[in-house]
Structures are given as structure tokens and as C-alpha cells.
Amino acid sequence: MEFSELIKTATVENVLLWRPGLAAPVRGTLCITSHHLLLSSCPRGDLELWLLIRNVDAVEKRVSGSSGTITLRCKDLKVLQLEIPGMEQCLNIASSIEALSSVDSVMMMYPFFYRPPSLRLEQGWHQFPLGRFFQRLCSQTSQWRLSTVNRDFSACPSYPEAVIVPAAVSDDTVIKAARFRQGGRFPVLSYFHPRNGTALLRSSQPLTGHNRRRCREDEKILGTILDEGERGFIIDTRSAQAAKQARMSGGGTEPKSSYPQWRRIHRALERGRPLQESFIRLVEACSDPSLSMDRWLARLDSSRWLSHIKAALSTACLAAQCLDREDSKVLVHGAEGTDTTLLVTALAQLILDPSCRSLQGFQGLLEREWIQAGHPFQLRCAHSASSHVRGKQEAPIFLLFLDCVWQLSRQFPFSLEFGEELLLTLFDNAYASAYGTFLCNNEKERRLCKVKESTHSLWVWLNQPEEKHKYLNPLYSHNPLVIWPSVEPQSIQLWQGLFLRWIRPSQHLDEAWQEIQRLVEGNNNWSKESTGKRLSQTLPDTTAGTENGK
Amino acid sequence: MASSSTPKYISNSLENSSSKRTLKDGTNWEQNEEIPRLPGETRVTDKDVIYMCPFNGPVKGRVYITNYRLYLRSVENDPVVILNVPLGVISRIEKMGGASSRGENSYGLDITCKDMRNLRFALKQEGHSRRDIFEVLTKYAFPQSHNMLFFAFVNEEKFPENGWMVYNPMSEYRRQGLPNERWRVTFINEHYGLCDTYPSLLVVPYNATDEDLKKVAAFRSRNRIPVLSWIHPETQAVIMRCSQPLVGMSGKRNKDDERYLDVIREANGQISKLTIYDARPNVNAVANKATGGGYEGEDAYPNAELFFLDIHNIHVMRESLKKLKDIVYPNVEESHWLSSLESTHWLEHIKLVLTGAIQVADKVSSGRSSVLVHCSDGWDRTAQLTSLAMLMLDSYYRTIEGFEVLVQKEWIGFGHKFASRIGHGDKNHADADRSPIFLQFIDCVWQMSKQFPTAFEFNEQFLITILDHLYSCRFGTFLYNSELLREKEKVTEKTLSLWSLINSEKSKYTNPFYSKELNRALYPVASMRHLELWVNYYIRWNPRIRQQQPNPVEQRYMELLALRDDYIRRLEELQITNNSKISNSSASSTSPSQMVSQVQTHF
Chain A
1 MEFSELIKTA TVENVLLWRP GLAAPVRGTL CITSHHLLLS SCPRGDLELW
51 LLIRNVDAVE KRVSGSSGTI TLRCKDLKVL QLEIPGMEQC LNIASSIEAL
101 SSVDSVMMMY PFFYRPPSLR LEQGWHQFPL GRFFQRLCSQ TSQWRLSTVN
151 RDFSACPSYP EAVIVPAAVS DDTVIKAARF RQGGRFPVLS YFHPRNGTAL
201 LRSSQPLTGH NRRRCREDEK ILGTILDEGE RGFIIDTRSA QAAKQARMSG
251 GGTEPKSSYP QWRRIHRALE RGRPLQESFI RLVEACSDPS LSMDRWLARL
301 DSSRWLSHIK AALSTACLAA QCLDREDSKV LVHGAEGTDT TLLVTALAQL
351 ILDPSCRSLQ GFQGLLEREW IQAGHPFQLR CAHSASSHVR GKQEAPIFLL
401 FLDCVWQLSR QFPFSLEFGE ELLLTLFDNA YASAYGTFLC NNEKERRLCK
451 VKESTHSLWV WLNQPEEKHK YLNPLYSHNP LVIWPSVEPQ SIQLWQGLFL
501 RWIRPSQHLD EAWQEIQRLV EGNNNWSKES TGKRLSQTLP DTTAGTENGK
Chain B
1 MASSSTPKYI SNSLENSSSK RTLKDGTNWE QNEEIPRLPG ETRVTDKDVI
51 YMCPFNGPVK GRVYITNYRL YLRSVENDPV VILNVPLGVI SRIEKMGGAS
101 SRGENSYGLD ITCKDMRNLR FALKQEGHSR RDIFEVLTKY AFPQSHNMLF
151 FAFVNEEKFP ENGWMVYNPM SEYRRQGLPN ERWRVTFINE HYGLCDTYPS
201 LLVVPYNATD EDLKKVAAFR SRNRIPVLSW IHPETQAVIM RCSQPLVGMS
251 GKRNKDDERY LDVIREANGQ ISKLTIYDAR PNVNAVANKA TGGGYEGEDA
301 YPNAELFFLD IHNIHVMRES LKKLKDIVYP NVEESHWLSS LESTHWLEHI
351 KLVLTGAIQV ADKVSSGRSS VLVHCSDGWD RTAQLTSLAM LMLDSYYRTI
401 EGFEVLVQKE WIGFGHKFAS RIGHGDKNHA DADRSPIFLQ FIDCVWQMSK
451 QFPTAFEFNE QFLITILDHL YSCRFGTFLY NSELLREKEK VTEKTLSLWS
501 LINSEKSKYT NPFYSKELNR ALYPVASMRH LELWVNYYIR WNPRIRQQQP
551 NPVEQRYMEL LALRDDYIRR LEELQITNNS KISNSSASST SPSQMVSQVQ
601 THF
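These protein sequences, in sequence, are chains A and B. Everything in the first sequence is counted per the UniProt record's numbering, starting at 1 for the first residue and increasing by one. Everything in the second sequence is counted per the UniProt record's numbering, starting at 1 for the first residue and increasing by one.
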């Protein structure tokens with residue numbers, strides 16, 4: 001396939017661009033390239049829009065007379081409108097954007113073409129090897145070992161090559177246990193709590209099925225972790241009933257009789273389509289254009305988004321509490337073990353472990369507990385809230401996680417080294433990115449697509465000194481304690497910075513931001529003694545597109 | 001927790017520190033004393049009770065009553081549970097249960113507070129054990145009903161700053177550039193002869209004589225004539241405040257009032273119409289005609305245009321807050337929290353007040369037109385609107401001292417009936433005059449400070465402290481309904497000002513992110529989407545809601561303040577170097593203080 005086949009019209013003059021709610025529309029020349037939509041203002045060319053076409057979630061067109069209006073609803077929740085002279089031009093542009101935004105071959109995506117001058121390929125992809133995490137672990141305990149049983153992804157296609165398993169369990173046992181877990185996701189170590197030596201594990205559901213199958217090897221893995229008389233907790237992220245029903249389709253739970261030392265707790269967390277619907281309803285409520293909108297709180301309430309946050313946070317707190325206060329080991333799983341499971345284990349670590357709360361540590365956590373752990377980003381983030389495609393696989397689990405982190409940062413304003421800007425950037429990049437970090441669904445696919453050889457890592461970009469400072473929380477001071485959040489409904493707030501990002505008249509916040517940039521520039525100027533170099537000129541390729549000079 | 005039971009995560013169940021309470025009121029507490037005491041505070045009685053804590057269950061303790069506070073200290077709990085409640089906060093004391101009532105802890109006292117909480121104490125059933133404590137409490141909590149003095153008159157505290165000096169009407173008007181050739185200061189109300197609820201010093205159009213004012217007074221409810229509150233330094237458009245005209249059923253007119261409004265319009269050389277904002281809903285304004293009031297009709301005032309702002313009256317606000325209390329205390333409504341919050345309409349009222357104030361401010365600033373604001377009597381909604389509009393337009397009022405001046409001027413000076421609205425020391429808890437109008441104003445200010453984190457010199461603690469002492473009766477600041485009465489009671493001589501406490505320890509109330517911006521109008525977004533419930537105030541008694549910040553926030557803020565000063569100093573140095581290196585650099589047009597503090601707020 002050639003991109004040029006998809007582009008029916010590449011350039012249109014005299015296009016009017018505006019963002020609803022934004023004061024002045026901009027007139028200029030519109031260009032469609034393989035990956036970007038560009039608008040350069042005429043006649044002065046001082047304003048430029050770069051929009052990654054992958055970021056377009058829905059294209060709506062309306063033709064009237066000799067011109068047409070295209071509304072682009074982006075995955076980052078931004079809405080753009082283009083008024084295009086000429087009906088045919090308009091239809092061509094719309095269908096080009098539609099075609100380009102729905103290219104589904106990973107290797108045709110922008111990260112495979114993006115070559116920023118400041119970065120070298122194959123740089124920084126191994127910043128967070130599990131080995132280093134394991135080294136730290138080794139100094140604290142000898143009960144765990146690094147296993148390469150999954151070297152060729154045969155034991156579990158969605159796990160990384162290296163995993164941490166109990167030291168007393170052989171690779172053969174692991175391979176057999178893997179057959180007893182959905183998708184081969186056998187229990188692995190997610191976090192070791194140094195204070196009392198307890199551990200957090202995760203897996204997928206056991207394949208007990210309706211005839212109550214057992215697996216000695218699986219029982220052994222979970223058995224060797226616990227000393228005699230010690231009790232562990234299994235936090236199942238489904239309701240007791242849903243877990244029971246899963247038996248009909250071959251899944252199920254760990255029965256008491258086969259796992260006598262483990263106690264099961266059910267905490268139903270929403271996932272899949274219902275979560276996506278909740279996201280859609282929330283975004284609809286947020287983007288309702290009438291300012292004097294009635295019953296806003298009732299609509300916010302009925303979107304149930306904040307209840308999902310509350311449920312996720314309290315389940316994570318429960319896991320953290322079992323580890324830290326009950327001195328018990330914890331296994332978390334739902335069904336596949338790639339969604340709510342990761343949500344809970346990642347949040348629990350953020351609550352317990354101060355080292356996850358630094359900028360580096362947080363990146364490591366994301367890499368370990370989301371990306372390498374096989375959260376299917378490509379499936380879950382294929383569409384955002386505005387898409388007309390009602391897919392089965394899309395679900396904003398990762399956004400829910402980011403929102404929970406934001407809630408933590410609001411309740412503990414000094415305890416996280418990173419700020420809102422990082423969370424927004426992660427959201428944007430998970431849905432549409434110039435970097436390969438969030439591509440594909442697991443490490444195996446990333447290997448097949450040569451992601452690490454042919455694309456750049458988002459972390460490398462973020463960690464450049466001139467970028468990094470944007471994401472830091474200036475109020476940060478290291479907090480060695482566990483941070484127990486309040487999960488009462490009154491303590492959970494709407495994340496305005498994300499959901500109202502493009503809607504709220506953020507003049508004041510924008511200005512604050514401009515001041516920051518000016519300060520940054522000032523600093524650069526002072527250090528390099530080169531005036532006139534605008535920082536923004538060096539980053540035309542930020543994923544969300546920049547609107548310089550706005 | 002026994003491992004046999006299923007663990008459950010309850011916020012803060014893991015931290016017993018929730019019951020630890022630091023004394024925020026700055027009282028000195030000698031460690032060998034049983035309870036903290038202010039100078040002038042005397043012990044009256046004490047008793048063993050069980051405090052029925054709605055969050056942690058019954059707490060055995062000893063309660064001490066002084067002439068200022070109720071103080072409870074637990075005897076068995078570790079850490080010690082402490083309650084420290086100024087008696088002024090109490091609105092109602094009831095006996096619960098009788099000598100014969102059964103059930104554990106069913107006999108005792110039930111105390112309703114004005115600050116969103118209730119307290120319950122259980123006592124021993126035998127021998128009328130609660131009689132004396134009930135009587136003592138009733139007497140000291142409601143001194144007005146017992147011919148006793150407010151604690152403020154007994155308080156012997158000393159502060160380095162004198163808060164009564166903060167507000168001087170004359171210097172405030174001078175700061176605004178008044179009097180000038182179009183506006184004059186009149187002493188016609190020096191002895192409160194013209195209007196007994198107005199301050200003695202008034203600013204009126206130069207072209208209106210004192211005789212004119214007297215004639216106008218006859219046509220305005222309670223003689224509250226239109227007077228100047230604020231003048232725009234550039235457009236010279238003004239904000240005027242008054243009460244409703246006495247139009248009545250027959251549609252009376254008053255030539256002097258009509259001419260006076262025209263004089264106001266002409267005072268800034270305005271050709272367009274004078275804008276009148278009537279804070280009430282249209283129907284209420286019409287209904288007021290039946291009781292002799294009304295609004296400025298088109299026929300009588302052809303040079304004015306009138307808008308209704310749809311803000312409801314004091315009774316509606318009182319009921320709304322009552323509903324809010326129902327859903328947040330003692331237990332918070334868990335399911336459908338947002339829907340129940342919506343059904344209280346509290347945020348909706350906040351929205352309407354803010355929207356109204358924005359319209360006033362915008363008219364004066366962008367519309368370059370003078371405005372006249374009134375409601376019925378001009379001391380509730382009018383005060384909310386003028387003071388909020390002034391806060392939006394004039395950055396001086398966003399400083400600590402400026403805000404004190406604003407409250408002193410628009411609320412205390414212009415006769416917001418604090419005594420009636422709060423019911424200081426009055427046992428009549430069900431009085432129809434009670435209403436949380438001032439609280440609502442402070443809530444609006446908090447909403448603004450959320451939207452403009454760098455624009456206010458004061459922090460949240462400042463606003464909460466003001467509200468706490470709105471009830472406490474420790475200071476004279478909010479006592480009585482008018483300047484006339486305060487003069488009669490010699491409040492400034494015999495009591496201390498709340499501003500003395502605050503200004504003596506300013507750093508505690510300072511926002512570390514404040515960046516001084518002059519002459520900039522701030523318009524908050526008053527859409528429901530952008531308003532939040534002020535959880536740190538309304539639900540602050542619930543330990544599960546409290547922000548569980550392990551590092552003491554206050555201390556961190558102090559550090560940040562120091563840090564900020566340091567940054568500013570360093571930046572100024574850099575700026576000087578920079579300017580000498582690069583001449584005519586456009587990047588350095590803003591002051592360093594602006595840059596630094598805004599850097600810190602994007603988070």
C-alpha cells in the first residue's frame with residue numbers, strides 16, 4: 001500500500017480552522033501528508049498546526065453549497081473544525097483523513113517514519129530492564145529468581161522474555177502451570193515489599209472450567225510462596241458471580257479445597273465495553289456546548305466514571321493494605337489478567353513504594369506493569385471517546401489508571417515527582433504517538449514488528465533535559481511513607497485538566513504556561529547566549545500537534 | 001485486624017492520627033494546664049461525659065466549659081481525642097433522652113453547630129447529671145439571651161498588630177482616587193441621621209446636594225440611597241449600591257430619585273443608559289411591590305436599563321445549606337453522591353451569584369458603563385455582588401489587607417446584618433433572619449481562588465479562619481448589625497479585631513504562589529462544570545475526607561514561601577545580568593516575581 005493512494009487531495013488553499021470555544025479562527029493552507037494534517041496560516045505563516053492523523057478519532061462532514069465543514073474529533077478529546085472551499089475538495093479531504101487515520105498496519109504508523117534529529121535509533125529501549133529491578137530485589141530476598149522460561153514467548157505470548165518466579169519452582173513447573181492459566185499468564189512477581197518481605201503477584205484466571213480441573217504445578221507455585229500456616233489473599237477483580245460464570249467458558253477461580261492457604265476476595269471492577277461507554281458518556285457531558293447546562297452533576301454521576309475511579313483506588317488500597325498491614329502475600333487477577341489486574345497492581349505499588357513516585361521510577365513502573373506486562377494498548381486504545389466505530393476491544397483502562405494517579409497527586413501534592421503534564425502526555429501518546437513505546441499489544445508483537453529497532457522510545461524523548469523539566473512537579477519532596485488516599489466520593493474529583501482541557505477557557509493557565517516557556521527560553525538564552533531561537537521550533541512533531549503562537 | 005476476617009479498605013482507617021487535632025486558633029497552652037486558655041478566659045465547669053463521635057464511636061472523656069469554649073479530652077484513647085469548640089459556634093442545645101429512657105448512651109445533650117457539625121454527649125442517667133452542664137452551656141453559648149457580654153468584650157489577648165487600623169474609609173476612597181471633580185464625600189450620615197444601617201462616610205455624585213440625598217432616601221427602602229462603592233480607574237464607570245425603590249402597588253414615582261440616577265449616569269460623562277442590576281428573580285421583584293417595594297420601571301427611568309440576576313433570597317439559601325449539611329454530616333451520602341449534591345442546589349446558587357458578579361464587573365470594565373446594584377434591602381445579595389465584582393476588578397482586594405478592607409467596607413460598613421444572619425449569642429436558633437449569605441460569599445471567593453491560583457495573596461486557611469471567627473465571638477469584627485450599633489457598643493475600643501490575629505501571623509495565611517498583578521480583571525468561569533464543592537470546609541470534620549498529607553501542609557507552604565522569596569531574589573539578579581547582556585530583550589518584559597510563581601502553579 002502506498003500512502004499516496006489514500007490521499008485524494010493533498011493541498012487546499014484558503015481553509016478556515018477553528019476550535020469551538022477558541023476566539024479567533026485561522027485562515028491558511030491545508031496540507032495532507034501521509035501522517036500529518038498541516039495548516040499554515042496565510043499570508044504570514046506565523047501559525048502552524050501539526051496534527052497527527054492517527055490522533056483523529058472521528059471525521060464528520062457537512063456540505064452546504066459550494067463549501068463544506070469538516071469536524072475532526074481527536075483522540076485527545078480536542079475538536080477541530082475546518083471550513084473548506086469547494087464541495088469536492090471537502091469530501092476528498094474528509095475521506096483522505098478517514099482512510100489515513102484507520103490504517104491498521106502497525107509498521108505503517110508514524111513512529112516507523114519519525115526520525116527526529118536529536119535522537120538516535122535503538123537508543124534507550126533498554127532503560128528499564130527487568131534485570132535491574134531484579135537486582136534490587138536480590139539484595140532484599142533470595143526467594144525469587146529471574147526466569148527466562150519465556151525466552152521465545154512460548155510459555156506465555158503476552159509476557160516479556162524475563163519474568164520473576166519463586167526460586168523454589170523450576171521452569172518445567174512454570175511451563176505446566178502456564179497451560180492452566182488463561183493466555184498462559186502464570187503467577188509472576190509484580191512487587192516485593194521490603195518492609196516485611198511480602199509480595200504482590202499477578203496472573204490471569206485459572207482454567208478450572210465446569211469440571212473443576214486442577215493443576216498440581218499451579219498449586220505448587222502458589223503453595224511454595226506461603227510458609228506453613230501463612231495465609232495469602234487472592235484479589236479477584238470480578239464479582240463472585242462473574243467469576244463463577246466464567247467456569248462455563250473454561251475459566252474460573254482458585255477453589256478453597258485446592259488452595260487452602262489462600263483466601264479469595266472479590267472486588268468487581270468495570271472493564272471492556274461498559275468502561276468505554278462510561279468514558280463516552282463523560283466526554284459527551286463535558287463537551288455539551290451549552291454553558292448553562294442543567295443537571296451537570298447528575299450527568300457526571302450517571303457517567304459513573306468517578307465511581308470507577310473510586311473502585312479502582314479502593315481495590316488498589318485493599319491490595320496495599322493486605323501487603324503492608326496484614327503482612328500477607330497477595331495475588332491479583334481478573335479474567336485475562338491484562339487490564340484491571342494491572343490497574344490494581346500498578347496503583348498498589350504507587351501507594352506503597354516511594355521509588356515509583358519519582359519521574360524515573362514511574363516510567364519504570366509503566367514499562368514493567370503496563371507495557372511489558374502485556375496490556376494490549378493497540379486494541380484498547382484504537383479508538384477514543386468520539387469514534388463511531390463501536391469496537392469490542394476498546395477500553396480506557398490505561399486512562400483510568402492515569403486518572404487514579406492524578407487523584408493521588410491531588411491528594412498528595414508533594415509526593416509525586418511528576419505533574420499533570422506528564423499524565424496528559426502519556427494519555428495522548430497511548431492513543432496516538434510519534435514514538436513506538438505504546439505500539440502493539442505485547443513484547444512478542446513488538447519483536448515481530450521490530451519496534452525497538454525502527455522507532456524511538458518516548459522515554460528517551462521525555463528524559464531529554466530540555467523536555468524533562470516540563471513534567472516535573474516543582475513542589476515535590478521525597479516522601480518515604482505509604483500514601484493512603486481517601487476514596488470517599490467527595491475526595492474524588494473530575495480531572496478537569498484532561499476532560500476539560502480543550503473546553504475550559506484556560507486563559508489564565510495558558511498564560512502561566514507561556515510564562516514558563518518564556519522562562520525556559522530565557523534560561524536557554526542565558527546559557528547559550530543565542531537569542532531568537534524559539535524552543536517551539538524544535539518540536540513541530542509533538543503528537544498532539546502544536547499550535548505555535550496561540 | 002484478625003486475618004480470619006476479610007480486610008476492607010476504609011480511607012483513613014489505618015491512621016489513628018485522624019483524631020489528633022492541632023490547635024489552630026493560636027491559643028497558648030501551658031503543658032501543665034488541663035486545657036488551653038486565652039487571656040481573659042475562665043473555667044466555669046467540667047464533667048465526665050461520653051462523646052458520641054460519629055466517626056470513631058463513643059469516646060470517654062472529660063468536658064471543660066469556659067466562658068469561651070467547650071473542650072473535651074478523652075481519658076482512654078491513644079492518641080488523645082480532643083474537641084475544641086468555641087461556644088459561639090453553637091446554635092442549639094437539646095436534651096436527648098429522659099431519666100427513664102433505655103439504651104446505652106441514650107441520655108445526654110445534643111448540640112447543633114453553625115459550622116456544619118453536631119456534637120452529642122452522653123451522661124450518666126442518675127441524679128439529673130446533665131442539668132447544670134446544660135444550664136451553664138446555654139448561658140455561655142447564648143450570652144445575648146442572658147444579658148451577658150460576648151466573650152470578645154472579656155478577651156484580653158494582645159497582638160502586635162492592631163486590626164482596627166486596617167480599614168479607614170477615607171483612605172480607601174483616596175486610594176480609589178476619590179473625591180474628584182465628579183464625586184464628593186458627604187458627611188450627611190455622620191450621626192446616622194440619613195440611614196441608620198449605612199456607614200457615616202458616603203461618596204455621592206458631586207452634582208447631588210445633601211438636600212437631594214434626603215429626598216432620595218424617602219423613596220428607597222430603609223433610606224439606603226444609591227452611593228458609590230467603587231470607581232474604575234480608567235473608564236471612571238462606577239459601581240453603586242442601594243436598596244429597592246418604594247414603588248408599591250400603585251407604581252409610585254419619585255422625581256428626585258429619577259433625577260439622582262440620571263446624575264449618576266452623567267457623572268462619568270456616559271451617553272448610554274445606566275445599568276441597573278436587580279439581584280432578585282423577576283417574579284420576586286414584582287411580588288415585592290405588594291409590600292411597598294419594587295424596581296425601577298422603564299417609564300420612570302427611561303435612561304436606565306434593568307436586568308434581573310435571579311438570585312434567590314435568604315430563606316432559599318438557608319434551606320439549601322441545610323440540605324447540604326444533611327448529605328455531608330455525619331455520614332456522607334455514598335451512592336449517587338453527585339446527584340444528591342445537585343439536589344441541594346448549593347452550587348447552583350454559587351453559580352448564580354458568581355454569574356451576577358461577573359456581569360456587574362464586565363459592564364463596568366468592558367461596557368464602560370456605570371451600574372447600580374440592589375436587591376430588596378441591599379445588604380445581602382447586593383453586598384455579595386458588589387464585593388465580588390470589586391474582587392474581580394481590583395487586584396488590591398486580592399491581597400490580605402485589601403480583602404480585609406473589602407469585607408470591612410462592603411459587608412461590615414454597609415450593614416450586612418451579621419448579628420441577625422449568624423445569630424451571635426442568640427438562643428433563638430430557628431429565627432427566620434438566619435442565612436449563610438456571608439459564607440456563600442466566601443465560598444465564591446474560594447471558587448475564584450481555585451480558578452486563579454496565583455491571583456490571591458491569601459490561602460484557603462485565611463478563608464476558613466474568617467469563617468471560624470464569623471461564629472466564635474472571640475473578636476468584635478462581625479458583631480452587631482450596623483456601624484451605628486457597633487459605635488454604641490464601643491466595639492473598637494472594647495474588643496479586638498480578627499485582623500489583629502491574622503495580620504500578626506500573616507505568613508500562615510499567605511499563598512506561596514501569589515504573583516502580584518496590577519489592574520487585571522479576573523473573570524472566573526461560573527459554569528457548573530467548573531465549580532466544586534469546598535470539601536475542605538464543608539466536610540472538614542470527617543476524618544476520612546481530610547487530605548491525608550503526611551507532611552504537614554502548612555509547614556511545607558512556609559518552606560515554599562521562603563523558597564519563592566529566594567527564587568525571586570535570584571531571578572532578579574539574573575535578570576540584571578541578562579539585561580546587560582541582551583539589550584532590548586523582549587522576553588524580560590514581565591517582572592520576575594510573576595514568572596516564578598506562575599512556574600509553580602501549572603501543577
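By construction, these hints were calculated from the structure, which means they are not laboratory data. Any given hint could be a false lead.
[What the hints assert, rightly or not] With a cut-off of at most 27 Å between alpha-carbon atoms, the simulated DSS-like pairs for lysine-lysine come out as follows:
id	chain 1	residue 1	chain 2	residue 2
1	B	322	B	95
2	B	8	A	244
3	A	310	B	450
4	B	255	A	78
Since we're looking at a predicted model, the values are computed, not measured.
Hinted pair residue 8 (chain B) and residue 244 (chain A), Cα distance within 27 Å
Roughly 22 Å between the alpha carbons, so the hint for residue 8 (chain B) and residue 244 (chain A) holds.
Pair hint outcome, residue 310 (chain A) versus residue 450 (chain B) [Cα-Cα no greater than 27 Å]:
Within the cut-off at roughly 23 Å; holds.
Do the alpha carbons of residue 255 (chain B) and residue 78 (chain A) lie within 27 Å of each other, as the hint requires?
violated, 57 Å
Given the hint that residue 322 (chain B) pairs with residue 95 (chain B), does the C-alpha gap stay at or below 27 Å?
The hint holds at about 21 Å.
In this structure, the one hint that does not hold is number 4.
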